[in-house]
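If you want the building blocks of each chain, they are given just below.
Protein chains: 2
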Amino acid sequence: MTAAERAVPGEGTPAKPPTIYDVAKAAGVAASTVSRALTRPGRVGAATAAHVRQVAADMGYKANPLGPGLRTGRTSMLALVVSDVTNPFYAEIIRGAQSAASEAGFILVLVNAQESGRIERENLERALPTIEGVILAGTRMSDSAIGVMAKQRPVVVLNRDVPGVPGVVLDNAEGARAAVEHLVSLGHRSLTYVAGPEASWVDGVRWHNLRQAAADLGCRATRTGPRAPTVAGGREAADALRGTPPTAIVAYNDQLAIGLMLALQNRGVRVPEDTSIVGFDNVYPAQIVTPGLTTVAAPLRAQGRAAANALLAARENPEAVAGKPRTLPVKLVVRGSTGPVRRTGDR
Amino acid sequence: MTAAERAVPGEGTPAKPPTIYDVAKAAGVAASTVSRALTRPGRVGAATAAHVRQVAADMGYKANPLGPGLRTGRTSMLALVVSDVTNPFYAEIIRGAQSAASEAGFILVLVNAQESGRIERENLERALPTIEGVILAGTRMSDSAIGVMAKQRPVVVLNRDVPGVPGVVLDNAEGARAAVEHLVSLGHRSLTYVAGPEASWVDGVRWHNLRQAAADLGCRATRTGPRAPTVAGGREAADALRGTPPTAIVAYNDQLAIGLMLALQNRGVRVPEDTSIVGFDNVYPAQIVTPGLTTVAAPLRAQGRAAANALLAARENPEAVAGKPRTLPVKLVVRGSTGPVRRTGDR
DNA sequence: TTGAAAGCGCTAACAA
DNA sequence: TTGTTAGCGCTTTCAA
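First to last, the sequence lines map onto chains P and Y.
Those letters in the first sequence? Residues 1 to 347, by our numbering.
Those letters in the second sequence? Residues 1 to 347, by our numbering.
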């Protein structure tokens with residue numbers, strides 16, 4: 001009986017996938033022998049192994065990871081938590097985590113928080129017993145809640161420094177410096193930072209580094225916000241910028257920068273002639289707006305990969321990965337949204 | 001002993017989540033009683049039930065779905081297959097499927113094909129034994145391969161008509177008609193359709209309907225392509241459009257339309273003054289480009305939800321859902337990329 | 001109303 | 001080298 005024959009029995013009745021016992025019976029050996037032949041080829045007679053593998057292949061047998069998972073807790077599943085799947089920021093992170101996971105034979109469970117702490121908690125709790133580790137790409141959990149979870153399962157945090165929990169962050173200092181240097185080289189002597197969410201660790205770091213770099217390079221830096229890290233938030237920020245807008249704006253992220261740019265343009269402000277705008281992340285839409293957005297590019301996909309790999313490493317050896325978060329380099333991508341200062345010394 | 005105390009025992013040693021036996025022992029009842037108290041409150045004494053629930057809550061007990069999953073195959077997991085997570089087209093679909101799944105107490109496993117049939121097959125095979133059903137949002141599988149899989153697990157296909165497999169499609173006829181009507185009302189008397197991938201079911205349907213609508217409304221329709229359904233594909237299409245571009249272009253999807261628009265603008269073509277452009281889907285970037293893209297909006301999130309719900313329904317009653325795919329309405333969103341014809345009768 | 005026991009698919013440990 | 005057995009966490013019989 002071939003795989004195809006088994007797969008299409010009556011008609012509507014979904015054919016159950018074959019179990020290891022089906023294979024064992026068909027091959028005339030014990031189930032443990034099948035298991036060994038498939039997972040530990042060395043520990044079984046060559047002829048038997050070949051035969052078993054042949055039979056298993058014919059039947060289309062796939063070991064159900066739930067079986068051993070029950071014993072060992074090894075389900076070959078990882079969870080990735082994002083605050084909103086719809087946010088392009090997560091797209092490349094998801095992709096990176098996905099491919100690293102699947103290369104290691106793992107399945108990726110996507111937990112979408114839908115920007116709600118409650119939904120995040122519910123979904124994560126539901127997934128938790130099933131999975132072997134968690135990547136927190138965007139979360140509303142507190143540091144202490146993360147710490148508690150990290151006691152139960154390996155956890156890797158992205159773009160956040162949670163003491164005692166391994167993390168992958170970006171070189172925000174370098175990014176801020178590059179952005180300011182670029183603006184200064186264009187003749188800008190002051191800039192306005194449009195802040196993101198108040199609670200955001202990254203926001204604090206970015207503003208700190210920006211101010212630092214500005215001070216070092218003789219540039220005045222002011223801060224406005226906080227705003228939601230979205231296009232809508234950017235539009236609001238533009239509305240709040242009454243009168244003549246600043247000559248240079250650095251936004252918390254690309255989404256905010258794009259909203260800002262669109263709203264300012266709508267108001268008749270020319271970008272970059274009147275106002276230069278810089279974002280962070282180099283999200284996909286940044287290259288699609290007109291003019292293209294100058295931005296501090298984050299290696300998003302690499303970040304996703306790094307997170308998944310760190311998790312897999314933590315699974316093997318929980319002690320090894322703790323400590324300082326891993327820092328990934330960033331680089332400034334210059335597009336059309338930044339240009340030389342035109343106006344001189346306005347307020 | 002409270003949940004917190006159990007959660008943080010030694011230090012580094014990850015605390016195992018409590019099993020039903022832990023709860024049973026703590027509550028002084030049999031495991032089966034715990035199970036009943038938690039899942040079938042009616043079939044257990046009121047006092048016992050309350051007590052057990054209290055103890056379970058204190059210990060932070062969550063039933064591990066893998067246990068019963070082993071018996072019944074009910075793992076409370078659904079898989080969603082997309083050809084590329086990075087594609088904004090899938091963002092809202094993922095979100096819709098995710099929320100419908102999690103409302104039903106299901107976990108969503110994300111299978112990313114990375115535009116490769118091989119990777120898709122590997123990832124899906126790995127996930128298959130674990131999951132209860134599959135949503136194929138974007139797949140390279142053949143109709144027959146899908147049919148075979150549908151015999152083993154409930155399957156729902158998006159934007160494709162696979163005989164015998166439940167599906168959720170868009171009202172492409174209505175969409176095409178709306179697009180053509182809009183263009184005709186602006187004075188356009190001819191349009192060019194830039195086709196998407198050759199193998200795409202949707203592409204065929206869109207072109208067919210477009211031609212039909214154009215014929216009905218006295219408009220000439222020509223076709224060019226096929227192109228990759230991406231911004232890059234759109235740029236290539238623009239390059240291939242030598243000489244004066246058509247006065248009206250309808251693209252296979254928004255991505256293609258955006259690439260087309262950016263490349264044409266780059267070449268000095270004004271949109272919509274020289275050329276009007278219409279896309280399909282109303283993907284997020286469509287509202288961010290300048291001018292905004294006129295597009296046939298698909299209820300992407302609703303589609304994701306509908307697919308997940310159809311899958312859950314199929315799980316209960318496999319026979320009920322087969323038959324004609326469910327059709328979701330679309331509507332034209334008019335933005336700045338379309339305008340009245342300026343030039344007259346150029347070839 | 002409650003408890004005891006069996007079994008889901010698999011593999012590790014023990015026997016032969 | 002191979003087979004037998006036990007047990008992972010849970011629910012569902014079957015008994016009490």
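If you're looking for bench data, these hints aren't it; they were derived computationally from the structure.
Quick caveat: nothing in here was measured; it's all calculated off a predicted structure.
Hints are not guaranteed to be accurate.
Note: identical chains are not told apart, hence a pair may lie in one copy or across any two.
Calculated lysine-lysine pairs in the BS3-like style (CA-CA distance at most 30 Å, straight line) [unchecked claim]:
no. : residue 1 : residue 2
1   : K62       : K331
2   : K25       : K324
3   : K151      : K25
4   : K62       : K324
5   : K151      : K62
6   : K62       : K25
7   : K25       : K331
8   : K331      : K16
Hint-by-hint comparison with the structure:
Taking the closest pair of Cα atoms, K62 and K331 never come within 30 Å of each other, the shortest separation being 44 Å inside a single copy and 44 Å across copies. In this assembly of identical chains, the alpha carbons of K25 and K324 never lie at most 30 Å apart, being 52 Å within a copy and 41 Å across copies at closest. In the homo-oligomer, the alpha carbons of K151 and K25 lie at most 30 Å apart only across protomers (23 Å), although the nearest pairing inside one protomer, at 43 Å, exceeds that limit. In this homomeric assembly, K62 and K324 never come within 30 Å of each other (Cα to Cα): the closest approach is 40 Å inside a single copy and 32 Å across copies.
When the C-alpha separation of K151 and K62 is checked against a cutoff of 30 Å, the pair qualifies only between copies, where the shortest distance is 16 Å, while the shortest distance within a copy is 32 Å. With identical chains, the CA atoms of K62 and K25 are at most 30 Å apart within one copy only, with a shortest distance of 16 Å there and 37 Å across copies. In this homomeric assembly, K25 and K331 never come within 30 Å of each other (Cα to Cα): the closest approach is 59 Å inside a single copy and 57 Å across copies. With identical chains, the CA atoms of K331 and K16 are never at most 30 Å apart, being 51 Å at best within one copy and 42 Å at best between copies.
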